[in-house]
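K.L.:
Letter by letter, the chains look like this.
Protein chains: 2
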Amino acid sequence: MKRSLAAMLCAGLIASIGTSADAQVLKEFGSFHVGGRQASLSGYPIAEYVFTQGAPPTRVDPNGDFEVEQMYVQYLIPEPQASKYPLLMWHGGGLTGVTWDTKPDGKPGFMQYFFKAGHPIYVSDAVERGRASWARTPEIFTTPPLFRTKKEAWEQFRIGPNNSYDVDPAKRVATQGGKFPTQAFDQFAKQFVPRWVSNDAVTVKAYDALLQRVGPSVLMVHSQAGNFGFRATLNAPDKVKGLVAIEPAGAPAPGPELDKLKSIPILIIWGDNIGSEAVWVRQQPFSLKFADDLKARGGDVEVIELPKIGITGNDHMVMMDTNSDEVAAVIQDWMKRKGLMQD
Amino acid sequence: MKRSLAAMLCAGLIASIGTSADAQVLKEFGSFHVGGRQASLSGYPIAEYVFTQGAPPTRVDPNGDFEVEQMYVQYLIPEPQASKYPLLMWHGGGLTGVTWDTKPDGKPGFMQYFFKAGHPIYVSDAVERGRASWARTPEIFTTPPLFRTKKEAWEQFRIGPNNSYDVDPAKRVATQGGKFPTQAFDQFAKQFVPRWVSNDAVTVKAYDALLQRVGPSVLMVHSQAGNFGFRATLNAPDKVKGLVAIEPAGAPAPGPELDKLKSIPILIIWGDNIGSEAVWVRQQPFSLKFADDLKARGGDVEVIELPKIGITGNDHMVMMDTNSDEVAAVIQDWMKRKGLMQD
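Here the protein sequences come in this chain order: E and C. In terms of the working numbering, the first sequence has 213 at position 213, counting the first letter as 1, and numbering is strictly consecutive. In terms of the working numbering, the second sequence has 45 at position 45, counting the first letter as 1, and numbering is strictly consecutive.
There's no promise every hint is true.
As the list makes no split between identical chains, a pair holds if one copy fits it or if it spans any two.
To be verified - Pairs of lysine to aspartate or glutamate, EDC-like flavour, derived with a Cα cap of 16 Å: (1) LYS338 with ASP325; (2) LYS116 with GLU277; (3) LYS205 with ASP61; (4) LYS289 with ASP61; (5) LYS171 with ASP65; (6) LYS107 with GLU28; (7) LYS262 with GLU326; (8) LYS151 with GLU305; (9) LYS84 with ASP333; (10) LYS151 with ASP61.
For the record, the hints were derived by calculation from the structure and aren't laboratory data.
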């Protein structure tokens, strides 16, 4: 009690002085791994490797026990907390939690925005990615790892039209009016991590474990994590107090299962120029049909196509665009309207 | 100026109330990737994969351009800053920056300790690991990824004697008097990431880039990063204002090159039971000989074998042991003595 008062006074004091817009009281930070299982390998040959310059070769026996299919979560808890629930931020395919952090152009991203808005932030790396680690392929992860090329990202993320990517940054032609900071595109490409197509079920399992651990939360999911977020919400509707899906790659099929989601406020956000890229022409209807069906069932779901409210030029990586604060403010406003912030 | 005063008042206020030992003013947080290069692949066959449940197969062309060999860095800047320099924390082999964060038993680790002590903290994932990502093998990373087994970690990290590991946690026999929280060992194993033996040179190159970007810093390095830390310091002695090497797996050979390090305070820390594990019997002498030679050249290097100052039971993962705060205090005291803290 006393502590919260002090923190509030401090937050107010810092804010009122006004020269350190980003300084804030941090109640706690830390990280953990959650989910996963033990797997064992046997019967593989022993090999020898030199691990450390100057050391003799070490015999490496690949057989043994491993932890696999866990996920990684890092949290930052502000004081005072302005939201009612923690905000869990789930990245898209071939990416990690870095999606939400400082943008490739070095400016503050969604993680900074929502932390500053008083949300306890839980940013995760899903199974197979980043600090979640990955397991031996094909023995445990059964398909090959896939590496996203810069060209694929440039086109599929609608940063530039098809065939406008060039290995030379100076020769790349971005979408006209596009908001991606294209000078930072190669910096963005440093965030790419390999992906597997065979890990969806174990990824959802780890997300389920995360929700059970953190408890009632608001989810913010992007792209591939659209599927994971909707599925995890169906698996534990009591744990999800709000769901923000940014350009979700998919959504559950219409049907009576969606009745489980009727009491959960859901916001679906789409950027600009969807029609320019076949992937999104094909994938966007899943979430639109989902929204229509859920609304017809009495659910509380809102779809915001950003150009329709006058916010133009956003590509797939909305949270990295130069106008990310403007989009974040739309989301924050929705959270307020849905009663997800403290009074 | 005004901002710092407010922050100091707040830090003092929070501390004086005493019920929120961990609350602190966070000036800024964020992350970036640094180093690396572009690599291109060509001539590999196109394959088809289903990426998202419900979507038709997508053609995946593995050929194209990639960013590779970058590293990932996350920073937390406290206000006020009590140290003179940022603290760069470099993890060991087969691990990530999670090494320094919350311990596997859920208690605060070195990252929390040194942040609270007023150091700007830069925790990184080295090339090939965690959020740094990794590149296609063997086309770009030329050797196979190696996965550490639980048994290997249990033994090589001196958590238990050789052949005391069992797949059943209840049957594992830990080192007598050992300080590792053995009930959290499987949780620790979730932090393991694959490693390659062919990436040392590019890893140092990325660390060099990190030092150039952050500027004058204090390094805290562990295990495999001993080699990287000493090498990066030799490459940019003007950028390293202090170096703490915790159980360094190696060190530069004695010789005139070490003259470059004479003006840099260096602390080398070793835990307990070194003699119980062949790896450390073999590797410890590298840093001891390094220290002797550098001292003979007039360098400022201190070796602390923890049992000799009455701190017993520490294994290789000193920062995860139940007495990690006690070891951190030894390091913090050394920093004060070496003039690395503000007056």
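K.L.:
Tell me, in ascending order, the numbers of any earlier hints that this structure violates.
P.N.:
Violated hints: 1, 2, 3, 4, 7 and 8; rest satisfied.
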